[in-house]
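Build the full structure now, drawing on both the sequences and the hints.
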Amino acid sequence: MAEKILLKGNEAIAISAIRNGIDGYFGYPITPQSEVMETLMKERPWLTTGMVVLQAESETSSINMVYGGAASGKKVMTSSSSPGISLMCEGISYLAGAELPCVIVDCQRGGPGLGTIQPSQSDYNQVVKGGGHGDYRNIVLAPASAQDMYDFVDLGFDLAFRYRNPVVILADGIVGQMMEKVELRPEKPRRSQEEVISDAPWAAVGKPSSRERNIITSLSLEADVQEKFNHKLQEKYDLIQEKEVRYETYRVEDAEYLFVAFGCSSRICEAATDLLREEGYKVGMLRPVTLFPFPAKVVSDMADKVRSMMSIELNLGQMVDDVRLAANGKCPVGFYGRQGGNIFTPDEIAEAFKKFNNFE
Amino acid sequence: MNIEDIKKPENLVYSKTPLLTDAVMHYCPGCSHGVVHKLVAEVIEEMGIQDKTVGISPVGCSVFAYNYIDIDWQQAAHGRAPALATAVKRLNPEKYVFTYQGDGDLCSIGTAEIIHACARGENILVIFINNGIYGMTGGQMAPTTLLGMKTSTTPYGRDAKLNGFPMVIAPMIAELDGTAYITRQSVHTAAAARKAKAAIRKGLEYSVKGVGLSFVEIVATCNSGWKLSPVEANRWMVENMFPKYPIGDIKDVLKDK
Amino acid sequence: MAFKGAIDIDKEKCKGCAVCVANCPTASIQLSKMVNNKGYHYAEMVGEGCIGCSSCAIVCPDSVISVYRIKI
Chain X
1 MAEKILLKGN
11 EAIAISAIRN
21 GIDGYFGYPI
31 TPQSEVMETL
41 MKERPWLTTG
51 MVVLQAESET
61 SSINMVYGGA
71 ASGKKVMTSS
81 SSPGISLMCE
91 GISYLAGAEL
101 PCVIVDCQRG
111 GPGLGTIQPS
121 QSDYNQVVKG
131 GGHGDYRNIV
141 LAPASAQDMY
151 DFVDLGFDLA
161 FRYRNPVVIL
171 ADGIVGQMME
181 KVELRPEKPR
191 RSQEEVISDA
201 PWAAVGKPSS
211 RERNIITSLS
221 LEADVQEKFN
231 HKLQEKYDLI
241 QEKEVRYETY
251 RVEDAEYLFV
261 AFGCSSRICE
271 AATDLLREEG
281 YKVGMLRPVT
291 LFPFPAKVVS
301 DMADKVRSMM
311 SIELNLGQMV
321 DDVRLAANGK
331 CPVGFYGRQG
341 GNIFTPDEIA
351 EAFKKFNNFE
Chain S
1 MNIEDIKKPE
11 NLVYSKTPLL
21 TDAVMHYCPG
31 CSHGVVHKLV
41 AEVIEEMGIQ
51 DKTVGISPVG
61 CSVFAYNYID
71 IDWQQAAHGR
81 APALATAVKR
91 LNPEKYVFTY
101 QGDGDLCSIG
111 TAEIIHACAR
121 GENILVIFIN
131 NGIYGMTGGQ
141 MAPTTLLGMK
151 TSTTPYGRDA
161 KLNGFPMVIA
171 PMIAELDGTA
181 YITRQSVHTA
191 AAARKAKAAI
201 RKGLEYSVKG
211 VGLSFVEIVA
221 TCNSGWKLSP
231 VEANRWMVEN
241 MFPKYPIGDI
251 KDVLKDK
Chain R
1 MAFKGAIDID
11 KEKCKGCAVC
21 VANCPTASIQ
31 LSKMVNNKGY
41 HYAEMVGEGC
51 IGCSSCAIVC
61 PDSVISVYRI
71 KI
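Protein chains in written order, with the working numbering: chain X, 1 to 360; chain S, 1 to 257; chain R, 1 to 72.
Please keep in mind that the hints were generated in silico from the structure rather than gathered at the bench. Treat the hints loosely; a few may be bogus.
[Stated by the list, open to error] Derived DSBU-like pairs (lysine-lysine); straight-line CA-CA distance at most 30 angstroms:
| hint | chain 1 | residue 1 | chain 2 | residue 2 |
| --- | --- | --- | --- | --- |
| 1 | R | LYS71 | X | LYS207 |
| 2 | R | LYS4 | S | LYS227 |
| 3 | X | LYS207 | S | LYS16 |
| 4 | S | LYS227 | R | LYS71 |
| 5 | S | LYS7 | R | LYS71 |
| 6 | R | LYS13 | S | LYS195 |
| 7 | R | LYS11 | S | LYS8 |
| 8 | S | LYS16 | R | LYS11 |
| 9 | X | LYS243 | X | LYS207 |
| 10 | X | LYS207 | S | LYS209 |
| 11 | R | LYS13 | S | LYS227 |
| 12 | S | LYS195 | X | LYS207 |
| 13 | S | LYS195 | R | LYS11 |
| 14 | R | LYS33 | S | LYS195 |
| 15 | X | LYS42 | S | LYS150 |
| 16 | S | LYS8 | R | LYS33 |
| 17 | R | LYS4 | S | LYS8 |
| 18 | S | LYS7 | R | LYS4 |
| 19 | S | LYS8 | R | LYS71 |
| 20 | S | LYS8 | R | LYS13 |
| 21 | X | LYS330 | X | LYS282 |
| 22 | S | LYS16 | R | LYS4 |
| 23 | R | LYS38 | S | LYS7 |
Below you can see the structure in the form of structure tokens.
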């Protein structure tokens, strides 16, 4: 029987990083994610696994430390919350442009501006659509539980290294602060330097005479070279779209109506689905686990079967654009959301469902 | 003995280090960057640390340093080189890690990164090229531009009331306990270049001794930006830059003990 | 002890900045009246006064000068 312990989502990120042999964490305090670094500092993994943990002077610096660590082939990560992620966007664009693997945890709060410290899903557009400059994509994983937080660290690094691309774990204040049972998976040791070089032969970490020098850069002043590189990136994103879509469904087999919800919203939507089923409405739910790649084909297939869909988000309508694009007019697509740190109840969602579908 | 008799392999006393690539540098004729690149390459060759050295290049004219010195390089976002170097060094403590930054990169947009790397005592070498102007973008005012100096954004000369005062960073970071070695050098004469080379070597040597951050400022020219010939620019630098940015050691924790 | 020297200049890579000229203690280097393929008046050795001190090569931003030296 695997060991299970009670952890906050943010603590699960930290414990998972240590147990999965991550090489370095660089961060800056911000509510509601500060427990990630607090847990790491309390655990002192540099005494056990040799993991480096450093409190930087800003999010700008944190993400650039991640760039340096990633460019030397190491498994490095950071975490922050929405305003901090805004600051990191320059660095994330550089990471994407230099094709560097890393994991970034965004424990979202409400915006714009300083916004609120309470939970939100207001960074969908920023994280899924880019945020920084240039034609780049992050691979985005949306956890809905503390267990997801734990598991997505290792999955995130797996994807990051497979595709040499930044991975964002798009959590929120609820998932980060909520305490749940977490199963501790078997530990993975940190890689030896030989394994690092074998995983990342491109790493700039000292040039032996046996190879040409490695240069990590996102600069190419020649238009044709830059265009060709961007096409190469797009091919990579197409491959990710083809291979890495992850989603979960709930009671969709005979569904006539569909909720689409990610992260913490999906858990509330499950309850709303049950509530409406009890009232006789054949409702199901789709939970995209990867936001990029978005499960567009699943949404499209469902749009052929259901009478309508609703995107349920803790914002004022961000993912709904992707749902509408995927449904492509085959069924009506509605939206319900709350903002500012307010969280919808299952009853509220059920009510919005009836209103949208003219059941009242 | 005629000249051709002297030009024999056994009489060769100075030639381009193999650590410099054969790429023709994109720098303007007479640019100090070329000399500093050469000194860095020579030191790495003489220390035999090519396989243990990681350079971090900035945004600015020297963004392409990676085309010229045959070592592994990481190219940083504008001003962020010390953050990259921090992570590379902490994750690879046995390596020699240095940043190469201009005055706009280090002294303006990257002020937070350099000061905090110094405060933390990161065991890296920072090479800071101070020519008082933004070269790459076409000669705008830099934080280190002298009062009265004309640039494309101070066309009537830098005015303290309008543009503020020049930034003098070396003595500021000397106050921080995390810095080990801080020096100002130049490369306009052979004697000056030899001293600058010794300083770069000391900085790299300190970076694996765990004594803190080393900072080698090179007071340099940008003859294109200054609109002078290379030789006139060197003279102007001695007459105008040196009084504000005097050459010499500012701090050396191993020597001062 | 006295020295006699000579230099080789990769004239196609020389940008004619003349920093070497200003640094030569024996006035043994000057810019050519000719230009290279890039249009620069490249540096060239003149006369027999070179002592092989390497000053020109050390300050050359483009590392185009090799120096030879013998004791006489």
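Now the hints, each set against the structure:
1. R:LYS71 / X:LYS207: violated (39 angstroms)
2. R:LYS4 / S:LYS227: violated (37 angstroms)
3. X:LYS207 / S:LYS16: holds (20 angstroms)
4. S:LYS227 / R:LYS71: violated (42 angstroms)
5. S:LYS7 / R:LYS71: Distance of about 13 angstroms is within 30 angstroms: holds.
6. R:LYS13 / S:LYS195: Holds, at roughly 26 angstroms.
7. R:LYS11 / S:LYS8: Measuring from Cα to Cα gives roughly 19 angstroms; hence the hint holds.
8. S:LYS16 / R:LYS11: holds (14 angstroms)
9. X:LYS243 / X:LYS207: Violated. X:LYS243 to X:LYS207 sits at ~34 angstroms, over the 30 angstroms cutoff.
10. X:LYS207 / S:LYS209: This hinted pair holds, its Cα atoms lying about 21 angstroms apart.
11. R:LYS13 / S:LYS227: At roughly 23 angstroms apart (the allowed maximum being 30 angstroms), S:LYS227 and R:LYS13 satisfy the hint.
12. S:LYS195 / X:LYS207: holds (27 angstroms)
13. S:LYS195 / R:LYS11: Status holds; Cα separation ~28 angstroms.
14. R:LYS33 / S:LYS195: violated (34 angstroms)
15. X:LYS42 / S:LYS150: violated (54 angstroms)
16. S:LYS8 / R:LYS33: holds (27 angstroms)
17. R:LYS4 / S:LYS8: holds (13 angstroms)
18. S:LYS7 / R:LYS4: The given pair, whose Cα atoms are some 11 angstroms apart, holds under the 30 angstroms limit.
19. S:LYS8 / R:LYS71: holds (13 angstroms)
20. S:LYS8 / R:LYS13: holds (22 angstroms)
21. X:LYS330 / X:LYS282: holds (19 angstroms)
22. S:LYS16 / R:LYS4: holds (20 angstroms)
23. R:LYS38 / S:LYS7: Holds. R:LYS38 to S:LYS7 sits at ~26 angstroms (cutoff 30 angstroms).
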